[in-house]
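Asks: The lines below spell out each chain.
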Amino acid sequence: MGESLDFDRIERNARIRNTVLKTVTYALLILWGLMVLFPFYWMVLTSVKSYGAYSSENIPQFFTLSPTFENYVKAFTGVPLARYFLNTVIFTVLTTALMLVVIIPAAFAFSRLSFRGRDLLFTLFLSLMMIPNELVVITNFVTITNAGLRNTFAGLILPSVTSVFYIYLLKENFAQIPDELYYAAKVDATTDFRYLTRVMIPISRPTIITITILKVIECWNSYVWPRLITDEQTRYLVSNGIQELRESGFGKDDIPSMMAAVVVISVPLIILFLIFHKKIMEGVSRGGTKG
Amino acid sequence: MKVVLDHLTKRFPSRSKKSREEVIAVSDFTFEIPDGELVGLLGPSGCGKSTTLNLISGLLAPTEGRIFFGDDEVTRLPAENRGVGLVFQNYALYPHLTVRQNILFPLQNLRGADKLTKEEMNRRAEEAAELVQITPYMDRKPAELSGGQQQRVAIARALVKMPRVLLLDEPLSNLDARLRLQTREELRRIQRETGITTIFVTHDQEEAMSICDEIVVMKDGCVHQIGRPQEVYDEPVNLFVAQFLGTPPINVFEGEVKGGKLLIGGAAVLDTPGIPDQPVMAGVRPEGFVLDEDGPLACRLSRVEVMGRDITVVCSHEAFTGTMIRAIIPSESQVNTASAEVRFSVKPGKTRIFAKETGERLRPADA
Amino acid sequence: MEENNRKAWLYLVPAILFLGVFLVYPLVDVFVYSFEEGYNFASQSRFGVGLYNYGKVLHDVYFLQAVRNTFILVIITVPVSTGLALLISLGLASIPKLKDLFQTIYFLPYVTNTLAVGLVFMVLFRKTDYTDGMVNLLIRWFGGPTVDFIDGPYWAKMFVLCFYTVWVVLPFKILILTSALASVKQDYYNAAKVDGTRKWRIFTRITLPMISPMIFYLVITGFIGAFKAYSDAVALFGTNLNAAGMNTIVGYVYDMLYGNAGGYPSYASAAAIILFVIVLTITCINLMISKKNVHY
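Protein chains in written order, with this note's numbering: chain A, -12 to 278; chain B, 24 to 390; chain C, 966 to 1261.
Since the hints were made in silico from the structure, they are not lab data.
Each residue gets a CB set at the ideal place from its N, CA and C atoms; glycine is no exception.
It is possible that some hints are incorrect.
Pairs of lysine-lysine, DSS-like flavour, derived with a Cα cap of 30 angstroms [what the hints assert, rightly or not]:
{"hint": "1", "chain 1": "C", "residue 1": "Lys1150", "chain 2": "B", "residue 2": "Lys138"}
{"hint": "2", "chain 1": "B", "residue 1": "Lys164", "chain 2": "B", "residue 2": "Lys138"}
{"hint": "3", "chain 1": "C", "residue 1": "Lys1164", "chain 2": "B", "residue 2": "Lys141"}
{"hint": "4", "chain 1": "B", "residue 1": "Lys379", "chain 2": "B", "residue 2": "Lys281"}
{"hint": "5", "chain 1": "C", "residue 1": "Lys1150", "chain 2": "C", "residue 2": "Lys1256"}
{"hint": "6", "chain 1": "B", "residue 1": "Lys138", "chain 2": "C", "residue 2": "Lys1256"}
Ranges between beta-carbon positions, derived for each pair [as the list claims (entries may be wrong)]:
{"hint": "7", "chain 1": "A", "residue 1": "Gly135", "chain 2": "C", "residue 2": "Pro1178", "range": "41 to 51 angstroms"}
{"hint": "8", "chain 1": "A", "residue 1": "Gln163", "chain 2": "C", "residue 2": "Lys1150", "range": "20 to 30 angstroms"}
{"hint": "9", "chain 1": "B", "residue 1": "Gly135", "chain 2": "C", "residue 2": "Pro1118", "range": "45 to 55 angstroms"}
{"hint": "10", "chain 1": "C", "residue 1": "Tyr1154", "chain 2": "B", "residue 2": "Val358", "range": "35 to 45 angstroms"}
{"hint": "11", "chain 1": "A", "residue 1": "Ser43", "chain 2": "C", "residue 2": "Lys1150", "range": "30 to 40 angstroms"}
{"hint": "12", "chain 1": "A", "residue 1": "Asp(-5)", "chain 2": "B", "residue 2": "Arg332", "range": "53 to 63 angstroms"}
{"hint": "13", "chain 1": "A", "residue 1": "Gly135", "chain 2": "C", "residue 2": "Val993", "range": "43 to 53 angstroms"}
{"hint": "14", "chain 1": "B", "residue 1": "Thr158", "chain 2": "A", "residue 2": "Ile(-3)", "range": "31 to 41 angstroms"}
{"hint": "15", "chain 1": "C", "residue 1": "Tyr1154", "chain 2": "B", "residue 2": "Gly135", "range": "15 to 25 angstroms"}
{"hint": "16", "chain 1": "C", "residue 1": "Trp1106", "chain 2": "A", "residue 2": "Asp240", "range": "39 to 49 angstroms"}
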């Protein structure tokens, strides 16, 4: 029976090792979870502390018993936060819509129509993916400035419209739709355009939604281009507004009001994320692995 | 090494959130596999045969019951300490390692007293490769090999550590028909040469019948019959086993036993002394039909397929449960294809009677 | 399929137009700018054609500072973030029940505004006359000396920048590695387990080689991304990065183009091209290494 005793020991050791490993794993994962969540907590917490209370805290307090919304009022009245917000919404919606209008026909042409030079042109398109934004931003800045489009939505939007990567993603998706559907539609005398709008777009809806969400996130967070192209406060997007706040708004030390503004501009994307988190994460990982 | 399964049961928590009922994958499996035998677990998909294999390998822990290798109980021993070799349905060869590295992999895991020298490992790997005849491909990656060759590598990898028990999960199902035939002979040869107790899982009855010392027929987690292939084929314990074994499958008629005779479509086909009067299902193996002008079984002739070695008569009968009866008769027989009717009598040794309600076998007194 | 040339081009016109004006033309133009010596946007004047701009940029202390900062940032954050992401993904893979919840939380930084959250980090890390701030409070608890991470010593600032960069890039890497790990078939692990393989060996000999293409992908894109660092630094230290000594190469490009020292697109172009060459070289080296080490 010595043998079976040995088995018991092996089994017990395995169990102990597993428990230890599980505990360490959970501890690490929870620790990083806290690291991720803490800044969000802190930003909300600070935004509901009154300026007086915050300034008198020599040692930061981890909670507050007298939350106030006065900072939110200040955030909207002290700086044109509503204006930044509106600008960003307009910018995001127009850019995304325009992008879809441009890339869907292009992806359709590459995936469904056959024409001379298609493969060559597509290869050229793909090679454009490697061009870093920093290289082209300089000339675009000059172009937009010379065209007198500084501080206009046109100047903000036009250079942000196209994305080779999204054309590529959509083309791959279109290409997966079986040819038979196209031929069936042709036999029924469907025009190409009607086939695109009635068959291909509905079938590829998940991909189109993914691209839309990714583009919205990109627009909402864009900072560099708007900073170059806008210097009037009334044209600022939220990112630039935030930066402006940091440098000169409210008086440098009104941190609670600043945090209130930060909460306000962070909330839309977080809500979007909480609703669509499956889709967004799926889209990002698909986009990431294909790029 | 004999393998003993003692009242082995595995229940899984239900997958669907609505019902809390557990799914019983394996139910009360008791069986002793003698040392050095090749045993096939046979059944339709979802019958619990793969689960049984995983219980033996240690990848799953049983809900109830015990497992012994020889006299050692291994029920709660983790898979890594059981010393089993396992061949997966899709081979699970590591794609980034060469054939040699794949075969060496299990040996390099050995530690302590079992640790081998480099030379010893290489010698063992060469031996295993030779046994399955893949020596020329040792330095290739699995992706550069054909399905059959990959299969051999998988077997070599399972054998190289000299397992106490070799387990194969649907080892032939990913091969094409010709290769499958060839590989199963190979499997038999390798098992004979090594003498390792081997258990393999398949849904293909022909495969199981052709190479196994013993087969276990399972359905819905329950063992229906265990026995030598011929024995299970000739003496099935119930209708399911009878129908599952044999190609073409057994021909099943509805009928009744009355006054010691089996009646099909009202005609007395066979004497069945000792079976009480009741409605029954009668199964006749394809080779159990005898062409007989005065035979009791009158069928509508559909067509005749001449196969060279024998002749298949395809016909129909009102009491038949399927669509077409397939009767195999010797090629010397003369079938009048112009006639619309063909008459048979049946061989008692190839005809089996089952209770209509339960499907259980009914045995005549003298048989 | 029949040829329908004209129609196809019609569908492509918008895309070609946009790409031509805002991507292809600027790409050519940036090289032109970079050779127009001392071109000034305000006065529209230049004093020659040649390599002067490159020399000027390469001798600019601010540019050298920016290069140094960028390299330090890259060398620290790429390995740290990739390693950390791998560790976290492995952890996630071992807790199937709570995996989705944790993964969703970890992904949150990806969808937040870098500038906005950067401001929160600034508040957490900085030390002012009336308070030491949150992070210094923690440091004091553990008995360390307090330090101003935002306006203090160089390495403190670099630490915050690296920390924030890792915080920002981690969600993407965790996501990619988690799906890479999930795509390794369970059979391989079962096979290894039956063969008595130890956990560490399973990791180094099976898991790692199987997900190595994704790891290299992350390393390569990580290098490219980290070399382009800019808005993280702006969020933490303000727009005047030269004054803070925390400028990056991209920051230098923008400063040359627009801002206090701006109006010199030719210097900006030269700096941007130098950055491009650096990134291209490193990417090529990475690709060569990955060719040798990725197994399939």
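Asks: Which constraints among the numbered hints does this structure fail? Numbers only, ascending.
Replies: Hints 6, 10, 11, 13 and 16 contradicted; others consistent.
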